[in-house]
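**Q** Sequence:
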Amino acid sequence: DNTPCCKVFCIVIVRLFNVLCNVVKTDKVRRIEYKCYLWGDDMECTVRWHDGMSFIAETGSGHLVAMDGAPDAGGRNLAPRPMELLLAGMGGCTAFDVVLILQRGRHAVSGCTVKLEADRADTDPKVFTRINLHFTVTGKALKPEAVERALKLSAEKYCSASIMLEKTAEITHSFELVEG
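Going by this note's numbering, the first residue of the sequence shown is number 924, and it counts up by one from there.
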C-alpha cells in the first residue's frame, strides 16, 4: 500500500527497530523488558521499553509491533496504545473466525470488516466494560443465518480474545450484508 499513512507507519517501525537494535547492542540505555509466555500454544512475546513511553513488542512468530502512550502520559503518539492493540486483537481474532467458518461452509464470502467501539472503566484498572462489534460481510448470496451462526460460533467457542474480554465487558454483535 502506498498511502501516506502506511509509509509513515513503515518509516516509524524501521526507525524504532533500528534504535532498538542499538539499545540491545550498546546496553548503555535504560530499558525495561517483559517476557511473557502462554503455555499450551507455546506463545511468547518480548516487550522492550524504547524511550519515553514507547515500547516494541517482538512476537514469538518474529513480528514487531510498536506501542506508544498518549502525549498526556509522556508518549509521542507514534504508535497505537496497548489497549488499542488489545481491541484490535479481538477484532482480528473474531474476523478470522467468521471468514474461516463461512469459507468452510462453502459460502462465497469476499470481504469482512469489523468496527469495534468500546467503553472503559473510569478508574484503574481501566478494563473494557462494553464492546460492540459491527461486521460488514461482503459476498455473493450470503444468507443472514450463515453469518449469524459464524458470529455466534466465534463469540462462544473459537475467539479466545472475545471469551477472555467478556469476563469484564458486555459484548454485543451486529452485522450487515453487502452483495458483491
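Among the clues, some could well be false.
Below 25 Å or equal to it, Euclidean Cα-Cα: the simulated SDA-like pairs (lysine to any residue) are [as the list claims (entries may be wrong)]:
1) Lys1063 - Glu1007
2) Lys1090 - Asn1055
3) Lys1038 - Thr1095
4) Lys1090 - Glu1007
5) Lys1080 - Ser1033
6) Lys1038 - Glu1079
7) Lys1038 - Val988
8) Lys1063 - Lys1049
9) Lys1038 - Ser1083
10) Lys1049 - Leu1009
11) Lys1075 - Ser1097
12) Lys1066 - Thr1046
13) Lys1066 - Gln1026
14) Lys1080 - Leu1039
15) Lys1090 - Asp1047
16) Lys1090 - Asn1000
17) Lys1038 - Asn1000
18) Lys1090 - Lys1063
19) Lys1063 - Asp1047
20) Lys1038 - Val1050
21) Lys1080 - Thr1036
22) Lys1049 - Gly1014
Since the hints were derived computationally from the structure, they do not count as laboratory data.
**Q** Indicate, hint by hint, whether the structure satisfies it.
**A** Here is what the structure says about each hint:
With a C-alpha separation of about 32 Å, the suggested pairing of Lys1063 with Glu1007 is violated against the 25 Å cut-off. For a cut-off of 25 Å, the pair hint linking Lys1090 to Asn1055 stands: about 15 Å separates their Cα positions. This hinted pair checks out: Lys1038 and Thr1095 have alpha carbons roughly 12 Å apart, not beyond 25 Å. For the given pair, Lys1090 sits about 18 Å from Glu1007 by alpha-carbon distance, which is consistent with the 25 Å threshold.
Note on Lys1080 and Ser1033: the hinted pairing holds, with a Cα-Cα distance of about 23 Å set against a maximum of 25 Å. Distance check on the hinted pair: Lys1038 and Glu1079 sit about 19 Å apart at the alpha-carbon level, within 25 Å; holds. Distance hint between Lys1038 and Val988 is fulfilled; the C-alpha atoms sit about 21 Å from each other, no more than 25 Å. Of the supplied pair hints, the one linking Lys1063 and Lys1049 is violated, its CA atoms being roughly 41 Å apart against a limit of 25 Å.
For the proposed pair Lys1038 and Ser1083, the alpha carbon gap of about 18 Å is at most 25 Å, so the pair holds. Our distance criterion of 25 Å between C-alpha atoms is met by Lys1049 and Leu1009, whose separation comes to about 13 Å. Our distance criterion of 25 Å between C-alpha atoms is met by Lys1075 and Ser1097, whose separation comes to about 11 Å. Taken as a hint, the Lys1066 and Thr1046 pair is broken in the structure, with Cα atoms around 42 Å apart against an allowance of 25 Å.
The straight-line distance between the Cα atoms of Lys1066 and Gln1026 is roughly 13 Å, inside the 25 Å bound, and the hint therefore holds. For the suggested pair Lys1080 and Leu1039, the alpha carbons sit about 19 Å apart, so the restraint of at most 25 Å is met. In summary, the hint linking Lys1090 to Asp1047 is supported, as the alpha carbons are separated by about 16 Å, within the 25 Å threshold. Between the alpha carbons of Lys1090 and Asn1000 the distance comes to roughly 29 Å, so the proposed pair goes past 25 Å and is violated.
Under the criterion of a C-alpha separation no larger than 25 Å, the hint pairing Lys1038 with Asn1000 is consistent with the structure, at around 21 Å. Taking the CA atoms of Lys1090 and Lys1063, the gap is about 36 Å. The hint is violated against a cut of 25 Å. This hinted pair does not check out: Lys1063 and Asp1047 have alpha carbons roughly 46 Å apart, beyond 25 Å. Of the pairs offered as hints, the one joining Lys1038 and Val1050 holds, with about 19 Å between alpha carbons and a cut-off of 25 Å not exceeded.
The straight-line distance between the Cα atoms of Lys1080 and Thr1036 is roughly 20 Å, inside the 25 Å bound, and the hint therefore holds. Proposed proximity of Lys1049 and Gly1014 is supported: the alpha carbons are some 19 Å apart, at most 25 Å.
Violated hints, listed in ascending order, are 1, 8, 12, 16, 18 and 19; each of the other numbered hints is respected by the structure.
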